[in-house]
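Student: Sequence:
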Amino acid sequence: MSENKQGVFSSHNPKISFIIGLIAGVLIIGTIGFFVLIGTITSSKSAADSQNQKPAGNQPSAQAPAPSAVSRVNIPISESDHIRGNKNAPVTIVEFSDYQCPYCARHHSTMQQVMAQYGNQVAWVYKHFPLDSIHDQARPAAEASECVGEQKGDEGFWQFTDGLFENQSSLGAGLYNQLAQVIGVDMDKFQECVSSRKYQAKVEADYQAGIKAGVTGTPGNFVNGIPVSGAAPFANFKQIIDSELSK
24 MSENKQGVFS SHNPKISFII GLIAGVLIIG TIGFFVLIGT ITSSKSAADS QNQKPAGNQP
84 SAQAPAPSAV SRVNIPISES DHIRGNKNAP VTIVEFSDYQ CPYCARHHST MQQVMAQYGN
144 QVAWVYKHFP LDSIHDQARP AAEASECVGE QKGDEGFWQF TDGLFENQSS LGAGLYNQLA
204 QVIGVDMDKF QECVSSRKYQ AKVEADYQAG IKAGVTGTPG NFVNGIPVSG AAPFANFKQI
264 IDSELSK
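Residue numbers (our numbering): 24 to 270.
Pairwise CB distance ranges (calculated):
| no. | residue 1 | residue 2 | range |
| --- | --- | --- | --- |
| 1 | Glu227 | Gly253 | 20 to 28 Å |
| 2 | Ala139 | Gly176 | 15 to 23 Å |
| 3 | Lys110 | Gln136 | 14 to 22 Å |
| 4 | Pro113 | Ser192 | 31 to 39 Å |
| 5 | Gly176 | Gln140 | 23 to 31 Å |
| 6 | Glu189 | Ser252 | 18 to 26 Å |
| 7 | Gln204 | Ala258 | 33 to 41 Å |
| 8 | Gln201 | Arg95 | 37 to 45 Å |
| 9 | Gln262 | Gln204 | 36 to 44 Å |
| 10 | Pro99 | Asp211 | 27 to 35 Å |
| 11 | Lys212 | Glu189 | 22 to 30 Å |
Each computed DSBU-like pair below joins lysine-lysine, with the alpha-carbon atoms no more than 35 Å apart:
| no. | residue 1 | residue 2 |
| --- | --- | --- |
| 12 | Lys270 | Lys235 |
| 13 | Lys110 | Lys261 |
| 14 | Lys270 | Lys110 |
| 15 | Lys175 | Lys235 |
| 16 | Lys225 | Lys261 |
Hint data in this document are derived by calculation from the structure and do not stem from the laboratory.
These figures come from a predicted structure and were not determined experimentally.
Where is the CB? At the ideal position from N, CA and C, for every residue including glycine.
Take these sequences, add in the hints, and give me the full structure.
Tutor: In structure tokens, the structure reads:
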């Protein structure tokens with residue numbers, strides 16, 4: 024026995040069926056319209072947001088800070104310091120150096136070039152900065168140079184200094200005596216000065232002054248207080264010196 028299923032509206036008269044169909048149609052159209060409206064609003068909002076929000080990749084980066092003024096280091100110069108050139112020159116170059124340092128030997132030639140070109144416009148001040156851990160003759164050579172300076176002043180000191188750098192591979196008591204004799208010092212007084220380490224404190228004071236100034240290696244130079252590290256080429260010094268002279 025089978026059962027025949029009738030349609031939903033089969034039991035209603037045509038008028039009622041029409042009204043129900045009309046209401047259903049209105050609801051369907053209203054629902055569709057609602058979702059269309061929501062979609063339009065959402066799309067408009069997204070478009071507005073996209074216009075107001077710039078892509079991260081196109082955002083302007085912060086500008087690099089402007090170069091700060093060069094920091095100058097004040098290094099006191101005393102009567103006991105050895106100066107080559109005009110002591111009242113407008114440009115003073117303070118060098119912290121080590122007689123056994125190969126870079127210092129190279130730099131010594133550069134500084135001689137500076138002095139040859141600028142003459143009385145530059146004062147060259149030499150201070151000791153012996154690197155004892157790697158240069159066993161740096162401090163003895165420094166103390167010997169002071170013993171020569173004791174007798175022959177700045178001129179004798181610089182002659183001795185030039186000789187040490189020219190013969191850097193032969194540093195030792197023999198060379199010190201030889202150079203001192205050529206310069207014309209009293210050898211007995213010189214040898215007594217060296218053996219007693221009379222200028223040990225002076226050399227150490229120079230070294231500590233270098234540490235205070237921020238020197239960590241040799242040569243360490245300061246052009247009117249402007250730090251110049253290492254054996255920089257002549258052109259580097261020329262640029263700074265010319266700038267200082269133009270002020």
